[in-house]
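Asker: Single-letter residue listing:
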Amino acid sequence: MQRRTLLASTTAALAAAPLARPHAQKPTTVRWWYHFDDPKASPDALVQAFEKANPDLKIQAESIPWGGGADYDTRLYTSIIAQNAPDAAMVKFNNLPRLMEMDALADLGKHIDGWAGKADISADLWRLHTAPDGKRYYIPLQYVVLYLYVRQDWLAQKGVKLPGTFDEFLTAGKAMTEGDRWGFGLRGGAGGHDHWCSFVLGGGAKMEKGGLVSPAALAANRWFIELYTKQKIIPPSAPNDGFQQIIANLKAGRTGMTIHHIGSANDMVAALGDGITAVPVPRGPQGQGWTSFGDGSNAVLAQSKVQEAAWRWVAWLSTAEANVAFNKLSGQVTVTTSGAKTWDVQPKRFMDATVGSLPIAAVLPQTAQTADFTRTVWPQTTQKALLGQISPDDMMGVFEKHYFG
Amino acid sequence: MKVSSRALPWLLLAPALAATVLLVLAPVAQTLWLSLHDVILFRPKSQPFVGFGNYVAVLNDPMFWESLGHSVVWVVVSVALQFGLGLATALLLNRRFAWRGVARALVIVPWALPSVIIGLVWTWMLDFNLGLLNQIGVRMGLLDAPVAWLARPDTAMAAVILAVVWQGFPFFAVTLLAGLQAIPREHYEAASIDGASTFASFVHVTLPGLAPVIATALLLRMIWVSNSLDLILVMTGGGPGTTTHTLPLYAFLKAWSGANYGYGSALAVVLTLLLLVVVIAYARRGMRDAPA
Amino acid sequence: MKRLRLFLGTEVPLLGILAFALGPWVWMMLSSIRPDEELTHSPVSLIPGALTLVHHIELLQRTSFASNLLDSLVVAVGAVTLGLLLSLPAAYAFSRFRFPGRRLLRVQFLVVNMFPVVLLVLPLFFLLRRLGLLDTYVALIAGHATFTLPFAIWLMTSYIDGIPPDLDEAAMIDGATGVQVLRLVILPLVVPGMVAVGIYLFIASWNEYLFALMLAGRNVRTVTVALQMFIGENEIHWGLLTAGGTLVALPAVVLFLFAQKHLVGGLTGGAVKG
Numbered sequence: 001m002q003r004r005t006l007l008a009s010t011t012a013a014l015a016a017a018p019l020a021r022p023h024a025q026k027p028t029t030v031r032w033w034y035h036f037d038d039p040k041a042s043p044d045a046l047v048q049a050f051e052k053a054n055p056d057l058k059i060q061a062e063s064i065p066w067g068g069g070a071d072y073d074t075r076l077y078t079s080i081i082a083q084n085a086p087d088a089a090m091v092k093f094n095n096l097p098r099l100m101e102m103d104a105l106a107d108l109g110k111h112i113d114g115w116a117g118k119a120d121i122s123a124d125l126w127r128l129h130t131a132p133d134g135k136r137y138y139i140p141l142q143y144v145v146l147y148l149y150v151r152q153d154w155l156a157q158k159g160v161k162l163p164g165t166f167d168e169f170l171t172a173g174k175a176m177t178e179g180d181r182w183g184f185g186l187r188g189g190a191g192g193h194d195h196w197c198s199f200v201l202g203g204g205a206k207m208e209k210g211g212l213v214s215p216a217a218l219a220a221n222r223w224f225i226e227l228y229t230k231q232k233i234i235p236p237s238a239p240n241d242g243f244q245q246i247i248a249n250l251k252a253g254r255t256g257m258t259i260h261h262i263g264s265a266n267d268m269v270a271a272l273g274d275g276i277t278a279v280p281v282p283r284g285p286q287g288q289g290w291t292s293f294g295d296g297s298n299a300v301l302a303q304s305k306v307q308e309a310a311w312r313w314v315a316w317l318s319t320a321e322a323n324v325a326f327n328k329l330s331g332q333v334t335v336t337t338s339g340a341k342t343w344d345v346q347p348k349r350f351m352d353a354t355v356g357s358l359p360i361a362a363v364l365p366q367t368a369q370t371a372d373f374t375r376t377v378w379p380q381t382t383q384k385a386l387l388g389q390i391s392p393d394d395m396m397g398v399f400e401k402h403y404f405g
Numbered sequence: 001m002k003v004s005s006r007a008l009p010w011l012l013l014a015p016a017l018a019a020t021v022l023l024v025l026a027p028v029a030q031t032l033w034l035s036l037h038d039v040i041l042f043r044p045k046s047q048p049f050v051g052f053g054n055y056v057a058v059l060n061d062p063m064f065w066e067s068l069g070h071s072v073v074w075v076v077v078s079v080a081l082q083f084g085l086g087l088a089t090a091l092l093l094n095r096r097f098a099w100r101g102v103a104r105a106l107v108i109v110p111w112a113l114p115s116v117i118i119g120l121v122w123t124w125m126l127d128f129n130l131g132l133l134n135q136i137g138v139r140m141g142l143l144d145a146p147v148a149w150l151a152r153p154d155t156a157m158a159a160v161i162l163a164v165v166w167q168g169f170p171f172f173a174v175t176l177l178a179g180l181q182a183i184p185r186e187h188y189e190a191a192s193i194d195g196a197s198t199f200a201s202f203v204h205v206t207l208p209g210l211a212p213v214i215a216t217a218l219l220l221r222m223i224w225v226s227n228s229l230d231l232i233l234v235m236t237g238g239g240p241g242t243t244t245h246t247l248p249l250y251a252f253l254k255a256w257s258g259a260n261y262g263y264g265s266a267l268a269v270v271l272t273l274l275l276l277v278v279v280i281a282y283a284r285r286g287m288r289d290a291p292a
Numbered sequence: 001m002k003r004l005r006l007f008l009g010t011e012v013p014l015l016g017i018l019a020f021a022l023g024p025w026v027w028m029m030l031s032s033i034r035p036d037e038e039l040t041h042s043p044v045s046l047i048p049g050a051l052t053l054v055h056h057i058e059l060l061q062r063t064s065f066a067s068n069l070l071d072s073l074v075v076a077v078g079a080v081t082l083g084l085l086l087s088l089p090a091a092y093a094f095s096r097f098r099f100p101g102r103r104l105l106r107v108q109f110l111v112v113n114m115f116p117v118v119l120l121v122l123p124l125f126f127l128l129r130r131l132g133l134l135d136t137y138v139a140l141i142a143g144h145a146t147f148t149l150p151f152a153i154w155l156m157t158s159y160i161d162g163i164p165p166d167l168d169e170a171a172m173i174d175g176a177t178g179v180q181v182l183r184l185v186i187l188p189l190v191v192p193g194m195v196a197v198g199i200y201l202f203i204a205s206w207n208e209y210l211f212a213l214m215l216a217g218r219n220v221r222t223v224t225v226a227l228q229m230f231i232g233e234n235e236i237h238w239g240l241l242t243a244g245g246t247l248v249a250l251p252a253v254v255l256f257l258f259a260q261k262h263l264v265g266g267l268t269g270g271a272v273k274g
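Chains as they are written, first to last, in the working numbering: chain A, 1 to 405; chain B, 1 to 292; chain C, 1 to 274.
Just so you know, these hints were derived from the structure itself, not from any lab.
Do not rely on the hints blindly, as some may be mistaken.
Unchecked claim - Think about it this way: if two alpha-carbon atoms lie no more than 30 Å apart in a straight line, the pair counts; the simulated DSBU-like pairs of lysine-lysine are:
{"#": "1", "chain 1": "A", "residue 1": "Lys-92", "chain 2": "B", "residue 2": "Lys-45"}
{"#": "2", "chain 1": "A", "residue 1": "Lys-341", "chain 2": "A", "residue 2": "Lys-328"}
{"#": "3", "chain 1": "B", "residue 1": "Lys-45", "chain 2": "A", "residue 2": "Lys-110"}
{"#": "4", "chain 1": "A", "residue 1": "Lys-305", "chain 2": "B", "residue 2": "Lys-45"}
{"#": "5", "chain 1": "A", "residue 1": "Lys-26", "chain 2": "A", "residue 2": "Lys-209"}
{"#": "6", "chain 1": "A", "residue 1": "Lys-110", "chain 2": "A", "residue 2": "Lys-401"}
{"#": "7", "chain 1": "A", "residue 1": "Lys-209", "chain 2": "B", "residue 2": "Lys-45"}
{"#": "8", "chain 1": "A", "residue 1": "Lys-52", "chain 2": "B", "residue 2": "Lys-45"}
{"#": "9", "chain 1": "B", "residue 1": "Lys-45", "chain 2": "A", "residue 2": "Lys-135"}
{"#": "10", "chain 1": "A", "residue 1": "Lys-58", "chain 2": "A", "residue 2": "Lys-135"}
{"#": "11", "chain 1": "A", "residue 1": "Lys-92", "chain 2": "A", "residue 2": "Lys-230"}
{"#": "12", "chain 1": "C", "residue 1": "Lys-261", "chain 2": "C", "residue 2": "Lys-2"}
{"#": "13", "chain 1": "A", "residue 1": "Lys-135", "chain 2": "A", "residue 2": "Lys-161"}
Fair warning: this is a prediction, and the values are worked out from it, not measured in the lab.
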């Protein structure tokens, strides 16, 4: 305990410089779990750089298959229950309520407040990374914000402007739909709640009791479902389309718009050149909007016996240069203000759309219901509504019941 | 060393039994025990005993009954097709022709692939926009327009069954091919001396000779297909809507995504009991005629 | 005429079946040797416009796939060996001995296998952790061999059932013990069955994902887990995945190419006559 307070008060120094220790002491090993989209990316160079600066620590980095989120979560929960958890791990907001209930996380508040790198991360990000109980268990590591990809070359041909509102979005979608070409690639399979949120939560529904079945919410959802059933600006395969389909369809010139993030920008440009651009997702009738904040954080596990050491590693990963290097591996965006200034991994227009989306960026409520909602309830219910098996209003009723009983 | 013939079978069985008890039976017992509790994965400290509460809830759960229905279709149709195709393949591969060895080896390719690969490749081949099958179908005039096979409630189940048949028929081909080797050649010779046609010798010699292996292979495959969820998970996730939502998938989603491990365990136990009924019916018929 | 009948009656239908069996695999193989941009070109061209080995080179040089293949091979060979060692005596006991509880025991082996494995992973994880076996070859070999044991025992029993009992009775009369009968009479005759069960065990272990994910992963990482790494949160690496998927089928096929020579009939027939 004494040691912990001592260390906490000197964290800033610790993160920067190795502590003078009796030599020949065996380095402390920190087990850290991560997942990258690119299997060729390896954090070895980062680990070596850190270990060189911190000879008293050894990082054991383990890559865990993502498996749509299910595999990673299953392994994480199992290891926690079996008291075999890593010392630190990459985590998502949607894990937070469950991990909190398990008392699985170390409170990083004191560490963060004494950390030199704190000021280099924007207040917006810290606000998003504060748990519902006011504590801080997560340290920002990477992020993306969903925006709207648009084939600007198609729109130019049709003389239609880039969409900024729902109405303009529909106009653009209709203009681009012809033959075997569709206006919008909707992700109707698991994970597609991000698309739905932009149009329905952005269109007037609220994540609060009664907020999903209010007249405004029901109207927004009907409008959303009708994009498929009535306006037919969405390909028929949408109910089973995942991210690989919506991206492939856009790249192949089968759809004119879709909602995704900067992680796929370089691929898009390789396939479509200047024809493709991105704008923030359209705003609703009253000017409100909603887009999904795609988070990625590190957490230190409560059962770790080397929490200080684990904190030093995750804090280092969120400092300027290390964080930029990390995000080049992970394909996402740096959380540091200094790093963002020199960010040149993707063409500027995609970074602009990302930053321009921040004001409306949000996450689903951090409650225990959300994980099941995104994995099971949302896809099942929405697909039924798209296929006409239930009405759009019934669909909202199911969601209301799932969240608010 | 002479072992009494009473003890010998037990000695022969001991290693297999020990491994099963330790690695299968013990975890099954533990899961059974969990199914009597309200186990929410993220509330490790509060897991009250609820008796048969989870089971009552299962029986009153419309999603359970719907999943059961889908499971029956999934199992019956796909096992029948795998078996038919596998039997035909085994009979053909048992004949003598120049490239038999290569044909036998190549036919197991689908079986030798991990399910996740099979799921992704079939998803891609069936894709609406970029799928090979739609393109060939349209080009050959078999389809008027591309079909979103996995997104339509009337075709999604057929599509996942197609994938599991592709994956599973080599299993039947190999096991039945091995079974065919045990049929003494004299039986065929005797039949052909009696002037039996190819078909008659198939019915009177091949089928009876193959019967024990057929019965075992069918039973084993049925159990395997009943419990398999990975292809469906990759291809449709149970959708569109709940069109391909089967029982093991439901148990898996409840236990892990829904974190309701107690309820998921109860679903798994019910699935096991249902299978047990089928197996007992089989064992009563099939094991009686084993040589005593 | 006979040649034509063989051709029309056997080779043509088999070519059809092989086209079905190999079609998706060939399509995957063709995808793995195309440049990335062709993969999302609409309409899809059947013949690759350009050939490249870049995905295969990346797979073997920049990912750990080669060493994962080796891990899978160790686990699968271990599982086959252990599975055969456990199932052969058990199947012999079931086939040739009548003892109280025999039927119950036989069914018991099946029952435990009816339980969906996804619900057994948590208790197994605890067990292997207590035994200190997490993330070892032993854990995966024992896990794979045990969970395929019911299938192996049942299949093997039905193959031994197919061997005429007169043979071992004759040997018994000559004074052979039960174990000698198993070794000298049954073993040589059950080779086709062992090939079928062995290939079953190999493939089951080779393709197993859940245990490989949950009970191992760092020191021992099999190809199924490695392939899953190509499916990210926001990106599927089709080039790597199809290259890996093409390669991963080969060991079992090569293995069976050699093993299938033992699938020849008439052995028992001749033996009975003699």
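Asker: For every hint, state whether the structure bears it out.
Answerer: Status of the hints after comparison with the structure:
1. A C-alpha spacing of about 23 Å is found between A/Lys-92 and B/Lys-45, which places the hinted pair at or below 30 Å, so the restraint holds.
2. A distance of roughly 15 Å separates the Cα atoms of A/Lys-341 and A/Lys-328; the hinted pair therefore holds under the 30 Å criterion.
3. Straight-line distance between C-alpha atoms of B/Lys-45 and A/Lys-110 comes to about 27 Å, which keeps the hinted pair within the 30 Å bound.
4. Annotation: proposed proximity of A/Lys-305 to B/Lys-45 holds, straight-line Cα distance about 21 Å (limit 30 Å).
5. Pair hint A/Lys-26 plus A/Lys-209 does not hold up; C-alpha atoms about 55 Å apart against a cutoff of 30 Å.
6. A hinted pair counts as satisfied when its Cα atoms are at most 30 Å apart, and A/Lys-110 with A/Lys-401 does not qualify at roughly 38 Å.
7. Taking the CA atoms of A/Lys-209 and B/Lys-45, the gap is near 29 Å; set against the 30 Å cutoff, the hint holds.
8. Taking the CA atoms of A/Lys-52 and B/Lys-45, the gap is near 41 Å; set against the 30 Å cutoff, the hint is violated.
9. For the hint pairing B/Lys-45 with A/Lys-135, the CA-to-CA distance comes to about 22 Å; that is within 30 Å, so the pair holds.
10. As the CA atoms of A/Lys-58 and A/Lys-135 are separated by approximately 28 Å, the hinted pair is consistent with the 30 Å bound.
11. Distance check on the hinted pair: A/Lys-92 and A/Lys-230 sit about 36 Å apart at the alpha-carbon level, beyond 30 Å; violated.
12. A hinted pair counts as satisfied when its Cα atoms are at most 30 Å apart, and C/Lys-261 with C/Lys-2 qualifies at roughly 24 Å.
13. About 45 Å separates the Cα atoms of A/Lys-135 and A/Lys-161, which puts this hinted pair outside 30 Å; it is violated.
In this structure, the hints that do not hold are numbers 5, 6, 8, 11 and 13, in rising order.
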